[in-house]
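Since the structure of chain Y is provided, determine the placement of chain G with the ligand on it from the hints.
Each protein sequence line maps, in turn, to chains Y and G. Residues in the first sequence are numbered consecutively from 1, following my numbering. Residues in the second sequence are numbered consecutively from 1001, following my numbering.
Be aware that one or more of the hints could be misleading.
As the list claims (entries may be wrong) - Partner residues aside, some chain Y positions facing chain G, computed with beta carbon under 7 Å:
1) S14
2) A25
3) R29
4) S54
5) N172
Claimed, not checked - Listed next, with one range per pair, are the computed distances between beta-carbon atoms:
6) G/S1275 / Y/A155: 42 to 48 Å
7) Y/E28 / G/R1280: 32 to 38 Å
8) Y/K176 / G/A1171: 55 to 61 Å
9) Y/E267 / G/A1330: 29 to 35 Å
10) Y/R161 / G/G1498: 54 to 60 Å
11) Y/R161 / G/I1342: 20 to 26 Å
12) Y/R161 / G/T1139: 54 to 60 Å
13) G/L1375 / Y/R161: 26 to 32 Å
14) G/D1179 / Y/R161: 35 to 41 Å
15) G/E1565 / Y/K176: 45 to 51 Å
16) G/I1342 / Y/R70: 56 to 62 Å
17) Y/E267 / G/P1218: 33 to 39 Å
18) G/R1540 / Y/K176: 45 to 51 Å
Claimed, not checked - Examples of chain Y residues toward chain G, derived with CB under 8 Å:
19) R21
20) E166
21) W168
Hints were generated in silico from the structure; no laboratory data involved. Because the structure is a prediction, the values reported are computed rather than measured. Glycine included, C-beta positions come from ideal geometry on N, C-alpha and C.
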Amino acid sequence: MKSDVSPHLRRLESESIFILREVAAEFERPVMLYSIGKDSSVMLHLAQKAFFPSKPPFPLLHVDTTWKFREMITFRDEAVKRAGMELLVHINEEGLARGVSPFTSGSSVHTQVMKTEGLRQALDFWRFDAAFGGARRDEEKSRAKERIFSHRSAAHAWDPRNQRPELWQLFNTRIKAGESMRVFPLSNWTELDVWDYILAENIPVVPLYFAKKRPVVERDGALIMVDDERFPLQPGEVPRTESVRFRTLGCYPLTGAIRSQAANLPEMIAEMRASTTSERQGRLIDHDESGSMEKKKREGYF
Amino acid sequence: MLEAVHAEAPTLIETAALPTLRLLTCGSVDDGKSTLIGRLLFEQSLILDDQLAALERDSRRHGTDGDNIDFALLVDGLEAEREQGITIDVAYRYVSTPRRSFIIADTPGHEQYTRNMATGASCADLAILLVDARKGLLTQTFRHAAIVSLTGIRHVVLAVNKIDLTGFDAAGFEKIVADFKSFAANLTFETIMPIPISARHGDNVSKKSANTPWYDGPPLLDYLETMDVSQDLAARPFRFAVQWVNRPHLDFRGFSGTIASGTVRPGDDIVVAGSGRHSRIARIVAADGDLNSATAGDAVTFTMVDELDVARGDILCDPKNRPEVSDQFAAHLIWMSGDKLIPGRSYLLKAGTRTVPVAVTELKHRLDVNTLGKLPAKTLSLNEVGVCNLATTSPIAFDPYKDNHTTGAFILIDRATNATAAAGLIAHGLRRAANIHRQGLSVGKQDRSRIKHHKPAVLWFTGLSGSGKSTIANLVEARLYGRGVHTILLDGDNVRHGLNKDLGFTEVDRVENIRRIGEVAKLMTDAGVIALCSFISPFRAERAMVRDLLAKGEFIEIFVDTPLETCIARDPKGLYKKAMAGEIANFTGIGQSYEPPEAPELIVAHQGQTAEQAAAQVISLLTAEGFIDDIDDLGDDWSI
Ligand SMILES: Nc1nc2c(ncn2[C@@H]2O[C@H](COP(=O)(O)OP(=O)(O)O)[C@@H](O)[C@H]2O)c(=O)[nH]1
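Pulled out of the complex, with its shape left as it was, chain Y reads as follows (with noise of 0.2 Å):
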């Protein structure tokens, strides 16, 4: 812990720490779900922090859909092979036979088959009994109630009506065999939090993060980048340049960017604090349904 860090950070990354550690010592076979993004950044260094000496003990996995940022697989492998960890990476094979894609099945099909279903394929298929997200309360509203140790059933069910109440920092990790459970360290941090503690802690992020002029559509009123030559262009559609940057990071056609020249960490975080839109509104997959969020963490998306 270095002395630059506020109390405030300091005591989030000692619960964090506590968190991982509880999970290494009381479950048989945790793994780390590691989406490339910011938060699973914070989540991996955190991680690194808290067995220090030892390696983390227990695997990354990645859930690949394929559509993600060309960037953003260069900068996994290279982040797996600094923290010296044991990357999995899973794609949902009967999904991309079956020809799912972001633009010809739309987007909740998209993300329904290839990330939820293939999460669900994974964890079945190493038989994972406790799993890390990066999820924070504070994306959205309706995340404010969750639990940072939430169980789910054989079949990776939530039931929301039969949650365990969260004391001190007591976590009942009991599960009966072939459940399991989703485990978010990051609960308490905001997003502020987590790019302070980025800068403080120097951790490195995918570069998508920052400005830098990048060819663009505009499509719904949000700026699409095109990322490579899967990318159906409309006839007359010509990618334009601009100096954007992305908030959130997902399947490079469902995230929308933003107008922006913080082209490095401190510009950003100053125009994050004068910023007055919120993070999800980047991401596409929310506004399909309202109340989405709900539904997609009963299948089993975080």
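Below, chain G with the ligand alone, put in the same frame as chain Y:
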């Protein structure tokens, strides 16, 4: 027209000197809790344009304030979910100002309120109690204050809301404050800060209101930003629960965990609370380089100067100021499960990083949370608070909750469903640690039975020779053993060859045989064991004699009611054949009659029931009568 009060020039890295304030908001429905939280978020510009646009739309549609913004809509959503039956105990909101960050635990009202408040309170340092200025103090206000006090929150803000609706009446405010202070005299608050506010219009929320010139205190936000709630945990005796043993290779053995209280440096003496073994801290290992001190709240890894036998669950502490170590203690229990407390039943207790089997040995009384008065109780239901004695199967280290919230709190877990059944707050230990001499303390039957987590009994199998008594008794014993129940099987084989080898088969000897068996069975129950006795025991008088020897309810007479013809047909040892040939005199069923029990606790083996079915019937009886628990994974759980 909206005017967000914009935060001053944003700083890049927060430098707030005071740590995050974790607070709990409580109030009855419609007291204005959501409005207050919504306003705080709004005034700190934490409501962003897209959210604001949605809010303005929603306010016009569902709001309660005409065309004005209904701030409550910013945080609501809990009610609708509640209607769908989603369990919501606490919703967390995050507010931060240039001076301080806040984590607000917001608990919805209605049923389950005790459970929800306790959950939110467990991580809070301060509570805002909302009161409607027009209504004054209600029963709920007392209830909320009592729970807040019980969970150890020492600071409360009495927010007298809707003060605009009383015409900013000073006298009404003063009366509410006086009433509250007189009630709170019985509680354990260190500070009480009454503030007259209007959540809807913003009076005294983040700016001092011109409408309340008679109020000379700070506005709510100012107060929250500057309130020092630190308990000075850093200066308290050192407590550290080992969470994970860090062994990257043979030359490094570290103990990872979070410091509950105290401050330590390399070279400091420590002791393992349970074993009493001493050592010194060698290094405080961190990824960015070793630290030269670590303090309460820090997640760290220690190495020790000596090889110490330490595992997850152990508590390292200050040798000069140690926690209590005991397997029995008194505590408050806040019941959180729909399944009632069953005293004597085995639950799992998780305290710090330790999980052990535990049972409530005595429920002293229940608390009326409105008045804190004592009520008699045999059990605890959802949302009830009780004062109990508990016994764990092995000693644990703890402090009273009032001295240390981390080492004084625990949860109870239902072993069958894995639900979190209760929150516990330790009051004090009930007897000294195992390593302190125990002479003078006599250990009674109750004590012996307590550590076994089942009740002693004598299962008396009576019936004809060849009726299946021993087969059934053996099956029952195997099942009990599988659940971790301590048993002994007494039958002709092990009794006649030892204890009773001097006895023959005369009338007198037969009675003496049963008398001795009864005495042995009684000793077994004194030891806390379930004794299975399998004897023909044809006479009612003998069986009654054993019944009378034992404590009431401990003699369970099981009549193995196999018809004589079946027994003769089976004749496993060829005894019937011999008896019918006149070679054995007084053979039960042939030369001597069998007196069937008149009111046995159980009849088995009639009408072609199999031995397996009979054994299952015996197990259900033991479960139903509370001799053993109705779970079957007991064996595994003991190895935690
Ligand atoms: N006049 C006035 N009305 C208020 C005040 N605070 C809340 N209200 C109104 O009281 C009602 C209930 O408020 P709400 O925040 O939903 O209460 P909750 O159930 O405690 O969350 C709403 O119609 C609010 O607009 C206040 O300070 N003054």
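Cross-check of the supplied hints:
1. S14: holds (4 Å)
2. A25: Check passed: Cβ of Y/A25 comes within 5 Å of chain G, closer than 7 Å.
3. R29: violated (16 Å)
4. S54: Holds, because the Cβ-Cβ distance from Y/S54 to chain G comes to roughly 4 Å (cut-off 7 Å).
5. N172: holds (5 Å)
6. G/S1275 / Y/A155: 42 to 48 Å: Cβ of G/S1275 to Cβ of Y/A155: about 44 Å, so the range 42 to 48 Å holds.
7. Y/E28 / G/R1280: 32 to 38 Å: Roughly 34 Å apart at Cβ, these two residues keep to the hinted range, so it holds.
8. Y/K176 / G/A1171: 55 to 61 Å: holds (60 Å)
9. Y/E267 / G/A1330: 29 to 35 Å: violated (59 Å)
10. Y/R161 / G/G1498: 54 to 60 Å: holds (58 Å)
11. Y/R161 / G/I1342: 20 to 26 Å: Holds, since Y/R161 and G/I1342 (Cβ atoms, about 23 Å apart) stay within the stated range.
12. Y/R161 / G/T1139: 54 to 60 Å: violated (29 Å)
13. G/L1375 / Y/R161: 26 to 32 Å: The hinted range 26 to 32 Å holds for G/L1375 and Y/R161, with Cβ atoms some 30 Å apart.
14. G/D1179 / Y/R161: 35 to 41 Å: Once the Cβ atoms are compared, 39 Å apart, the range 35 to 41 Å for Y/R161 and G/D1179 holds.
15. G/E1565 / Y/K176: 45 to 51 Å: holds (47 Å)
16. G/I1342 / Y/R70: 56 to 62 Å: holds (60 Å)
17. Y/E267 / G/P1218: 33 to 39 Å: Check passed, 36 Å falls within 33 to 39 Å.
18. G/R1540 / Y/K176: 45 to 51 Å: For G/R1540 and Y/K176 the Cβ distance comes to about 47 Å; the hint holds.
19. R21: With Cβ-Cβ at 5 Å, under 8 Å, it holds.
20. E166: With a closest approach of 7 Å, the Y/E166 hint holds.
21. W168: Hint holds; Y/W168 Cβ to chain G Cβ min 5 Å, cut 8 Å.
In the structure shown, a violation is registered for the earlier hints numbered 3, 9 and 12, in ascending order.
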